[in-house]
Each structure stands twice: as structure tokens, then as C-alpha cells.
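Asker: Using the sequences and the accompanying hints, generate a full structural model.
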Amino acid sequence: MSIISLDSVRYSYKSKYQTVNAVNGISYEFEKGLVYAIVGSSGSGKSTLLSLMAALDFPAEGDVNVDGTSTRSMDCDEYRRDKVAVIYQNFNLLAKLTVLENVELPLELRKTHKTDAAATAKKMLRNVGLDEEYERRFPAMLSGGEQQRVAIARALASGADIILADEPTGNLDEENTEKVADILVSLAHDQKKCVIIVTHDMNVAAKADEVLKMQDGRLV
Amino acid sequence: MFSFVLALRNMKRGWIVCLVSVISFVTLALLLSVFTGFVNRTRSELDSYYKELTVTASFSGAKAGSQPRVRPKLFDAVVSNSFVKDHYAAMEKEIATAQRIRGVNSAKADPVLEEYLLDCKWQAGMDETVFSGSDTVCIVPSACEMSIGDKIAVFGNAFRVVGVYNSGMTGNWTYYCPLETLVGICEKNGDSYSYYSLGLTLGDLENLDVFKSQMKELGVDEGEATLVINDTLFRECTRNLKLQLRLQRGVLYLVYILTFSVAFVLSFLVFRNRRHDVAVLRSAGCPSSFAFMSLMEEACIYALTGCGIGGLISLAVPFFSLNLRQLLLLFFFCCFGAGAAIYRVVSGSILQEMHEFE
Ligand SMILES: Nc1ncnc2c1ncn2[C@@H]1O[C@H](COP(=O)(O)OP(=O)(O)O)[C@@H](O)[C@H]1O
Ligand SMILES: [Mg+2]
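Residue numbers (our numbering), protein chains in the order written: chain A, 1 to 220; chain B, 1001 to 1358.
For the record, the hints were derived by calculation from the structure and aren't laboratory data.
All residues carry an ideal CB built from backbone N, CA and C; glycine is no exception.
Treat the hints with care, as some may be off.
Stated by the list, open to error - Cβ-to-Cβ under 10 Å is the rule here; a few derived chain A residues that face chain B:
(1) C76
(2) Y88
(3) R154
Answerer: Below, the structure is given as C-alpha cells:
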């Protein structure tokens, strides 16, 4: 059975001057244990679609169902806290928290014991190649690639079953891209998580079990 | 508890914002207290005028130069009025042809008597204070050739002579006795009488207009007596201060509007800036109520510290003055501004908030 199913999902950004239809009727089913890659030109609605799957907002029409339940009718706070982890295109790290605190945040919100949270966070930072000297720095003191790896570590630390990654390797060098891609693939194949990666990198897309192409808010 | 830790951490690491907010709130509190200080100073200056200045009033005759006739009923009503702090009065009764007795409660009530008293021989231990009492005593003119200790029969009462004044006149005798004594005798005998002199010392000057209208209701300006209030000097002295006070109060209201709206806008903007932080927290599954609490705690700490320091400075500096109500209002607007901003931030769409920062 699919873990996430999209049912004619639509979403638009409304401003005073115009309405942008970012997602234009998408239906699809995502399974556990598989890696999906979503590709498409910039502005085709990939980030918006991921955000809807993360229940950051509800679709204007249609439904995002997780384990058969629409996001509209579930406890979204709990879902975001326990079931889904997102690696954002723009990282979305908290500027006033150190690298370590940023990675600990999802665990602290789940009331994990402080020492356990710290241990897990440290392990995840090592996994993405950030050693101890980074832990006490603030995001503003890191390069784009380093910030991106912190964002990845934060998503991994949460231990969620659904990993949504929005261009997770956009700022990484080849070596780190390879490393991160392998981690994501192993999460799906070894730990039976559902991993969905938005990417421009054909090498990353090649590692996916399924590749979806988006254009103008639709799957093509 | 975690919300409070988060708030403290935010303050420590965003200490510039924290400091600027607190300093702004202190400044606003001081602004309020400076202007309140102005108003209070003028107010107390005016109060001291009200306390220290005296205003007198007296009845005069209906026609210029004539003596007034104040009936007992009017007299009682005027004298018992709460604005009247002190009064002097005089009445007169004919005893026989060219012989009369005057009752006064103070020498001031009769200008002629005041002059006589300059040359008056008193019984040992006696002086003009007898007039304010109620003994059956009197002073007599030297022309009637009586001496201290003699008795005169007046309307069936024996008045003891306690003083002899030099009248320098013969044939027309005036005895002076305490007012209360003479009024008592007239009341007992059922004789009609009226006062030919009544002077007042007024208090509670702030509301002198009320006194005036009360007197008008009593009809003091009709008939045989007119009330003259000598308040020209008093009005001159207080007019400028009253005007100044009105102006300062007006300005204070403007300062209220200004400080409260600045407090609101300032904390609104400070916490509006937390949109991204809140969006990130919520995207990680932090409940809106929790994010709201955490930011609100931070806002309350800023407002409390700012208003607290402002209040303490106002207490310490003599010229400043600030009351608790103003301080609470300021605190309220600081929190209200933050609350409005935070509410908007936590209730918006996470997706839209996040995308705005891309
Ligand atoms: N906050 C926003 N307000 C208005 N339009 C937006 C906003 N965010 C994104 N869009 C528009 O929605 C469309 C899809 O955006 P997005 O999902 O970010 O695309 P992608 O991730 O594929 O580049 C784009 O046309 C973009 O301009
Ligand atoms: Mg995007």
C-alpha cells in the first residue's frame, strides 16, 4: 500500500496582482522503500508539491493522503514532528541556534532526552561530513554547502519515515553529492523509508527507482 | 518550560534587538513621565494658590453707599454654606431714642467700632475678643458717664459694662455687645432683626463658581443686600496657571496616543520579523500554541523590563512622575503589539511564509 497518495492536488499562490497556479492537478502514489526523483524546470511547482506533502499547507483542491488519511483531517503538528522530514532548498535553519542545536531541534520537539538528542545529532553531523568544530557555529558562519549538510543532518536526525528533499545536493561538490545521495538511497532501500528527491542533478536522478518529470504544475 | 528556554536563548543571541526594544520602552515610559511631571507640577502650583490665597466677600446695600439688610434666614443659609470658612457680622437694635445697642462677632464687622477701639478702656483681663463670645456684657461710650462694672438694662437683660470707649460725642449713645448675645435676646423676645454688616472669608477656591451659583439660588442679589466677591486678584493669579494646565493636559493626551501607538508598532515590527523562525519551528512540528507562548514570553519580558526600568527611573528622579495605570497601559500596548504580530505569524500558512524567503 502507498504511504503518500496525491489525488488531483491543486495549489495556487494568490497575491493582489495575480494568481499563480503552482500545482495543477497532480495524482500519484508513493511507496515505502523506494527512492523517487522529481525533475523539471525551475518554477514548475516542485517545491510547492513537496511542501504540500509535508503538510505545510493544504491543497486548494484535491487531497494529500498519508497512510490513507487526508492531511486535512489529521493532526498536522504530530505528522510534521514524527512522520516527515524535509530538507529545504533554502535550508531553513534557525539563525539563532547553533549547528548542533538546529540538528537537535526535531528531537527536542519530540521530548527526546537531552543527552540522547545530542548523541544522535552528533552522529548525523558526522554522517554528512561535518566534524566537531562545526557544532558550536551559527548557520551564518557556514558556506552554502555546509548549511545544506546541516539541513540534511537535521532531517536524518528526526528519523522520520518520509524524507522529502528539495535539491539537497544543489550546493555540494561531487564528492559530497555522491555521499548524500548514497545516504538517501540507503534510507529507502535499507530502512524502508519513502524518499522523494527534487533534483537537477542527473547523477542523483539516476540512483532513483522512479523519476517523475514536472512541467507547469503537472506531471508529464 | 522549553518555550521559556527558547525565549531566553532568543534574547541572549538576539541581544541587540532585545536591548533596542527595552531601551525604546524605557524611553517611552520616560516620555510619559516627563509630561505627567509637567502636569503634576502645574497642578500642585495651582493647588498651593488655592490653599494660600484668600478670597473675601461682603454684603453691601442695594444702592451704592447704603447699608445692607440681611435677613436671618439668608444669614443662616450663607453662613452655613460649606465654602464659607469664616464670617463677621453685625446687627443693631434701637433701645430708646438716641440709644441703641449693636451686636458684633468681631470688631471688623463695624468700621466705626474699629476706630473706637483704638481708644477704649477695658476691664482688666478683657479685650475685644469678648465679641466672639456670648456673655451679657457690653462696652459703652464715655459720654454716658458709666464706668466698668456698672449694669445697663436692655430688653429686660442686665448688661455688665466691661469697657468704656471715647466717643467724643454726646447725646447719641451706642453700646456694643457680642452678636450671639443680642441675637439670643431678640429670638427669645420674638423681635424681628436683620444684619447691617456681613463679611465672609471663602475656602475651596477651586470651585468658586459653584459658590457663586449657590448664592444666586439663595437670591443674594435681590432686594436689600448684594453680595460682592473680591476675587479679581485671585482670578488674575490663577488664570495663567489654569490655562497652562489645560494646555499641558491636552499635550499629555497626545503623548499618550503617541507613546502607546509607538509601543504597539515597535513590538509589532520586532515580532513580525520572527516569521521565518516561527515558520521553521512549525514546519518541524512545533504546535502554533507553543510558538505563540514562547514569543509572547519574550515580548512580556521586554515590555516588563522596559516599563519596570522606566518606572524606577521615574520614581528616582523628582521631576518625573508616572502612575501605575499609565505604566500598565504602556505594558499592555507593548504586549498587544507583539501579540498581534505573533498571532498573524503563527496563524498564517507555513508554506507561504517559507516561500517568501526564498
Ligand atoms: N510565495 C509565493 N508567492 C507567489 N508565487 C509563488 C510563491 N512561491 C512560489 N511561487 C510561484 O509558484 C510557482 C512554483 O514555484 P516552486 O514550487 O518554487 O517551483 P520550483 O520549486 O519547481 O522551482 C513559480 O511560478 C513561482 O514563481
Ligand atoms: Mg524549488
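Asker: None of the hints should be skipped; say for each whether it holds.
Answerer: Hints and how they fare:
Of the supplied interface hints, the one on A/C76 holds, with its beta-carbon coming within about 8 Å of a beta-carbon of chain B, less than 10 Å. Of the supplied interface hints, the one on A/Y88 holds, with its beta-carbon coming within about 7 Å of a beta-carbon of chain B, less than 10 Å. Against a cut-off of 10 Å between C-beta atoms, the interface hint on A/R154 holds, since the closest Cβ of chain B lies about 8 Å away.
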